[in-house]
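Asks: Residues per chain, in single letters:
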Amino acid sequence: MLIAWRYRERDTIIQRLDPRARIIFMLAMLFSIIQFWDLRLMLLFLGVAVLQYALARLTWRETRRVWILISIIIVFMTILTFLTGRGGVDYAYHEEHLIHRLGPLSLPIVRWHISLDITAEKTIFALSQLARMYAITIMAITIPYTVNPSLYGVTFRGLGLPDKFAYAMDLAFRFVPTLGRDFTVTLDSQRARGYEVEKLSGGLVAQIRRLAPLLVPVTINAIVGAEDIVDAMDLRAFGVGPRTWVHRLTYRRADYLLIAASVLLFVASTALAFLGLGRLWVPAVLLRLAAG
Amino acid sequence: MTTGEFTKNRVITWLIVLIVFVALLALASLLTSGDKIRGIAPLGVTAIGLIGVFVVYLVTARSAAWEVGTRQVVYMAIGAALYGVFNYIFNTIPMPSVSQVALRPSICIPIFFGYVFGPVVGFFTGAVGNILGDFLTGWGVYPAWDLGNGLIGMVPGLVMLFADKKRSLNFLTILVAVLIVVTAALVFLNPQVIGPWTGEIEDFSFWAWAFIIGGVVVIAGRFVLERINVDLAAVNLWGTLGIIIGIGFAAIADIWVNGYSFATAIIGEFAPAAGPNILNAMILTPILLAAYRAIQARTGR
Chain A
1 MLIAWRYRER DTIIQRLDPR ARIIFMLAML FSIIQFWDLR LMLLFLGVAV LQYALARLTW
61 RETRRVWILI SIIIVFMTIL TFLTGRGGVD YAYHEEHLIH RLGPLSLPIV RWHISLDITA
121 EKTIFALSQL ARMYAITIMA ITIPYTVNPS LYGVTFRGLG LPDKFAYAMD LAFRFVPTLG
181 RDFTVTLDSQ RARGYEVEKL SGGLVAQIRR LAPLLVPVTI NAIVGAEDIV DAMDLRAFGV
241 GPRTWVHRLT YRRADYLLIA ASVLLFVAST ALAFLGLGRL WVPAVLLRLA AG
Chain B
1 MTTGEFTKNR VITWLIVLIV FVALLALASL LTSGDKIRGI APLGVTAIGL IGVFVVYLVT
61 ARSAAWEVGT RQVVYMAIGA ALYGVFNYIF NTIPMPSVSQ VALRPSICIP IFFGYVFGPV
121 VGFFTGAVGN ILGDFLTGWG VYPAWDLGNG LIGMVPGLVM LFADKKRSLN FLTILVAVLI
181 VVTAALVFLN PQVIGPWTGE IEDFSFWAWA FIIGGVVVIA GRFVLERINV DLAAVNLWGT
241 LGIIIGIGFA AIADIWVNGY SFATAIIGEF APAAGPNILN AMILTPILLA AYRAIQARTG
301 R
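Respectively, the protein sequence lines represent chains A and B. The opening position of the first sequence corresponds to residue 1 in the numbering used here, with each subsequent residue numbered one higher. The opening position of the second sequence corresponds to residue 1 in the numbering used here, with each subsequent residue numbered one higher.
No lab work stands behind these hints: they were computed from the structure. Among the hints, a few may not be true.
As the list claims (entries may be wrong) - Pairwise CB distance ranges (calculated):
| hint | chain 1 | residue 1 | chain 2 | residue 2 | range |
| --- | --- | --- | --- | --- | --- |
| 1 | B | 297 | A | 65 | 41 to 51 angstroms |
| 2 | A | 76 | B | 63 | 22 to 32 angstroms |
| 3 | B | 179 | A | 10 | 46 to 56 angstroms |
| 4 | A | 250 | B | 185 | 32 to 42 angstroms |
| 5 | A | 177 | B | 181 | 48 to 58 angstroms |
| 6 | A | 115 | B | 15 | 26 to 36 angstroms |
| 7 | A | 59 | B | 171 | 33 to 43 angstroms |
| 8 | A | 231 | B | 230 | 43 to 53 angstroms |
| 9 | A | 85 | B | 173 | 54 to 64 angstroms |
| 10 | B | 293 | A | 44 | 27 to 37 angstroms |
| 11 | A | 75 | B | 66 | 56 to 66 angstroms |
The C-beta atom is built at its ideal place from N, Cα and C for all residues, glycine as well.
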């Protein structure tokens with residue numbers, strides 16, 4: 001099985017930025033977004049996220065599948081939150097103004113009464129929640145398509161991760177194609193022995209157990225092979241002194257600007273949230289609707 | 001600087017951080033009559049949690065479980081790569097019968113790596129493996145879920161802090177029993193409290209019973225499994241605990257990140273993720289462990 005990364009070389013503004021600066025920006029956006037509930041602010045954040053997505057120039061073809069799956073999850077979770085009560089923690093909003101009540105519907109046997117209150121606050125909360133989740137997701141989706149996998153170790157080293165962990169990260173990214181090949185070889189050899197992964201029969205437990213002939217050989221083989229890698233690394237005095245990296249990352253002016261903007265964004269957001277600004281905003285139209 | 005001095009300096013640094021943090025919270029609470037402080041409560045809870053984890057680390061700092069040498073580096077990389085590749089394969093390759101039932105057979109990887117190679121390897125396997133898997137599928141990067149997956153691998157690794165598996169099980173049994181007794185007593189003494197997620201007064205006595213039943217099941221499970229094999233009991237109990245803590249962390253973090261209601265976090269995320277994960281882990285991890293023990297016996301490593 002050929003396991004390929006989503007990354008493609010593209011000459012875009014986004015890809016020319018230092019990956020460290022981009023990760024700092026993504027985290028600053030995430031931690032700023034989660035401090036607010038105001039739909040207007042959410043739309044602003046969403047705008048920034050969409051802008052960086054557009055600058056990355058990803059095509060619909062390569063991201064279609066992910067968009068569909070993620071949209072299903074986001075919409076489902078928003079509806080579930082709308083149906084099951086107050087979203088967020090209790091400080092998102094306290095009082096609610098009823099627009100319409102559906103029900104109550106009584107269930108025949110258990111005699112539960114189910115009713116759904118559509119309130120001004122719940123409705124606007126659902127909208128901000130949608131905008132918020134999309135903003136976070138759009139920021140997150142761009143990364144795998146635009147950051148070169150071979151730069152991960154050095155990126156996280158640059159962000160302060162100790163040498164050994166950064167190197168382990170690098171190594172993990174390099175093992176992926178080999179393990180993908182091992183998986184295919186194992187699948188083929190088990191098939192040659194009559195193992196049919198397409199026809200797993202039996203109960204739930206039995207079906208899960210039947211995945212063991214695939215999982216176990218690949219894992220154990222990798223572990224057995226690891227001992228040789230450990231020896232090879234020890235012989236080359238791994239971990240004795242500080243490491244040097246094949247790829248070198250250098251911050252340029254645009255990267256410094258992006259990091260400064262990220263810090264500013266986070267500090268400003270925290271200050272605003274602390275002053276109590278940016279909480280759930282209920283438009284007057286909805287309140288008038290609630291008042292009848 | 002000797003190791004002792006180094007540890008002492010770190011303890012002092014962290015104590016200062018903790019004191020400053022608490023002082024700032026108190027000051028903020030004083031200035032804003034306690035209302036606005038709720039807005040940054042998630043950050044506060046996270047910080048206190050992190051400091052708690054660090055205190056556990058300091059107390060057990062001398063244990064070999066935290067050692068990171070060449071072996072650990074290689075196992076971290078292999079564990080993370082395996083977890084990422086399996087996540088990708090079982091999520092995207094059309095194997096109808098597999099995707100219907102066994103949602104995540106790959107969950108056994110972080111638990112196994114944590115249990116066998118220690119908490120650091122386990123955490124790395126879960127966290128970086130999840131990042132890798134999301135990279136391969138193109139989903140993006142979600143820090144809360146990466147950390148949650150890291151915890152799934154780290155918790156089973158804590159077994160290494162104990163002299164042997166039996167003692168770790170005894171500790172776990174006592175911990176579960178004490179927690180259940182304390183929680184149940186608190187709830188029964190004062191069942192009507194303000195719900196932390198809804199802000200309304202609710203009756204929590206149902207949860208006390210749920211806790212008691214859950215606790216009894218866990219403790220009974222320990223003794224039943226232990227009669228077969230101590231290793232089996234330990235890997236299953238610590239693995240289950242890891243999944244509950246890891247997925248629980250991610251689902252609750254999503255209340256703050258995505259604004260879910262508590263019910264959404266439980267019905268929409270925790271239950272569908274933790275349930276199949278626990279089932280898959282309980283079946284596949286012991287098989288993997290048995291195969292590993294056989295190889296270990298053969299090669300003498």
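Asks: Could you run down the list of hints and mark each one as holding or not?
Replies: Consistency of the hints with the structure:
no., hint, verdict
1, B:297 to A:65: 41 to 51 angstroms, "holds (45 angstroms)"
2, A:76 to B:63: 22 to 32 angstroms, "violated (44 angstroms)"
3, B:179 to A:10: 46 to 56 angstroms, "holds (52 angstroms)"
4, A:250 to B:185: 32 to 42 angstroms, "violated (60 angstroms)"
5, A:177 to B:181: 48 to 58 angstroms, "holds (52 angstroms)"
6, A:115 to B:15: 26 to 36 angstroms, "violated (52 angstroms)"
7, A:59 to B:171: 33 to 43 angstroms, "violated (54 angstroms)"
8, A:231 to B:230: 43 to 53 angstroms, "violated (31 angstroms)"
9, A:85 to B:173: 54 to 64 angstroms, "violated (36 angstroms)"
10, B:293 to A:44: 27 to 37 angstroms, "violated (56 angstroms)"
11, A:75 to B:66: 56 to 66 angstroms, "violated (43 angstroms)"
Of the numbered hints given earlier, the model fails hints 2, 4, 6, 7, 8, 9, 10, 11; all others are met.
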